[in-house]
Amino acid sequence: FKILPKGSPNFDKLNQQKVHNGFQELKNVWQKVKNMPLLKRFLPAFFFYSMGVQTIMLVAANFGEKELHLGTASLISIILIIQLVAIGGATLMSKLSEKYGNVSVLMAVVLLWIVVCVFAYFITTATQFYGLAVIVGLVMGGIQSLSRSTYSKFLPENIPDTASFFAFYDVTEKVAIVAGLFGFGFIEELTGNMRNSILFLTILFIVGLVLLFSLKLGQKNVSRNPDFYALENPEK
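To convert, count from 1 in the sequence shown and add 476; that's my numbering.
Honestly, I wouldn't trust all of these hints.
Here are the simulated lysine-lysine pairs, DSS-like style, with alpha carbons at most 25 Å apart [claimed, not checked]:
#: 1; residue 1: Lys692; residue 2: Lys571
#: 2; residue 1: Lys503; residue 2: Lys650
#: 3; residue 1: Lys503; residue 2: Lys696
#: 4; residue 1: Lys629; residue 2: Lys650
Computed spacing ranges between beta-carbons, pair by pair [as the list claims (entries may be wrong)]:
#: 5; residue 1: Thr548; residue 2: Glu574; range: 34 to 44 Å
#: 6; residue 1: Glu543; residue 2: Val591; range: 15 to 25 Å
#: 7; residue 1: Lys650; residue 2: Val686; range: 41 to 51 Å
#: 8; residue 1: Ala643; residue 2: Ser570; range: 34 to 44 Å
#: 9; residue 1: Leu657; residue 2: Gln507; range: 26 to 36 Å
#: 10; residue 1: Asn672; residue 2: Pro636; range: 42 to 52 Å
#: 11; residue 1: Val654; residue 2: Arg624; range: 45 to 55 Å
#: 12; residue 1: Glu543; residue 2: Ser640; range: 40 to 50 Å
#: 13; residue 1: Val651; residue 2: Val686; range: 32 to 42 Å
#: 14; residue 1: Leu587; residue 2: Gly564; range: 13 to 23 Å
Derived by calculation from the structure, the hints in this document are not laboratory data.
Positions of the beta carbon are idealized from the N, C-alpha and C atoms, including for glycine.
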């Protein structure tokens with residue numbers, strides 16, 4: 477320890493100041509978001525369906541092990557399938573969004589996530605789980621890239637601090653992960669059955685879908701009212 481540099485007496489104060497500045501910046505972004513009608517509608521929808529998406533990504537292997545008693549080799553294969561299919565899924569969703577618009581495709585993808593949850597609730601065999609992995613991979617890659625793309629499209633072009641807005645987006649996603657995992661684990665602990673937690677995820681996706689529908693209606697209002705502060709028509 478003799479060769480270690482001496483600690484700075486102001487180290488803790490500097491860290492506290494950085495944390496305070498970080499929270500203050502996020503607060504400032506939120507105040508700006510309140511004046512962006514479309515972005516204000518998109519973020520709650522993103523939060524709810526992200527809770528479902530991120531939780532599924534983190535507990536999928538655990539579900540296969542606990543509920544279907546799959547071995548390590550099978551679980552690794554399933555994870556690889558999801559990752560590989562996700563590449564194609566992201567490309568497919570990008571093509572579809574060019575034709576139908578981001579929000580419309582997002583609504584379709586969230587609807588597919590609801591189907592995934594319903595199917596997962598009744599799944600009983602490894603073969604079914606492999607099939608489900610393909611669908612999960614397809615919608616997983618698509619929803620992540622499409623969500624960030626949609627968020628960026630709703631940002632005003634002349635905004636100077638885009639980095640702060642994307643930091644806010646990332647924090648929203650991280651909070652969604654914590655909330656989703658907590659809810660999933662709490663229900664499993666309360667009921668003793670992981671399948672009941674899937675119902676919780678289904679509800680999250682349904683709420684996200686309803687909020688996306690509200691966003692879709694908001695876009696129509698924007699197109700009829702050009703003075704409304706938002707992108708005039710982010711969809712084709």
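Status of the hints after comparison with the structure:
no.	hint	verdict
1	Lys692 <-> Lys571	19 Å, holds
2	Lys503 <-> Lys650	16 Å, holds
3	Lys503 <-> Lys696	29 Å, violated
4	Lys629 <-> Lys650	21 Å, holds
5	Thr548 <-> Glu574: 34 to 44 Å	40 Å, holds
6	Glu543 <-> Val591: 15 to 25 Å	18 Å, holds
7	Lys650 <-> Val686: 41 to 51 Å	23 Å, violated
8	Ala643 <-> Ser570: 34 to 44 Å	24 Å, violated
9	Leu657 <-> Gln507: 26 to 36 Å	29 Å, holds
10	Asn672 <-> Pro636: 42 to 52 Å	47 Å, holds
11	Val654 <-> Arg624: 45 to 55 Å	19 Å, violated
12	Glu543 <-> Ser640: 40 to 50 Å	42 Å, holds
13	Val651 <-> Val686: 32 to 42 Å	20 Å, violated
14	Leu587 <-> Gly564: 13 to 23 Å	19 Å, holds
In this structure, the earlier hints numbered 3, 7, 8, 11 and 13 are contradicted, and the remaining ones agree with it.
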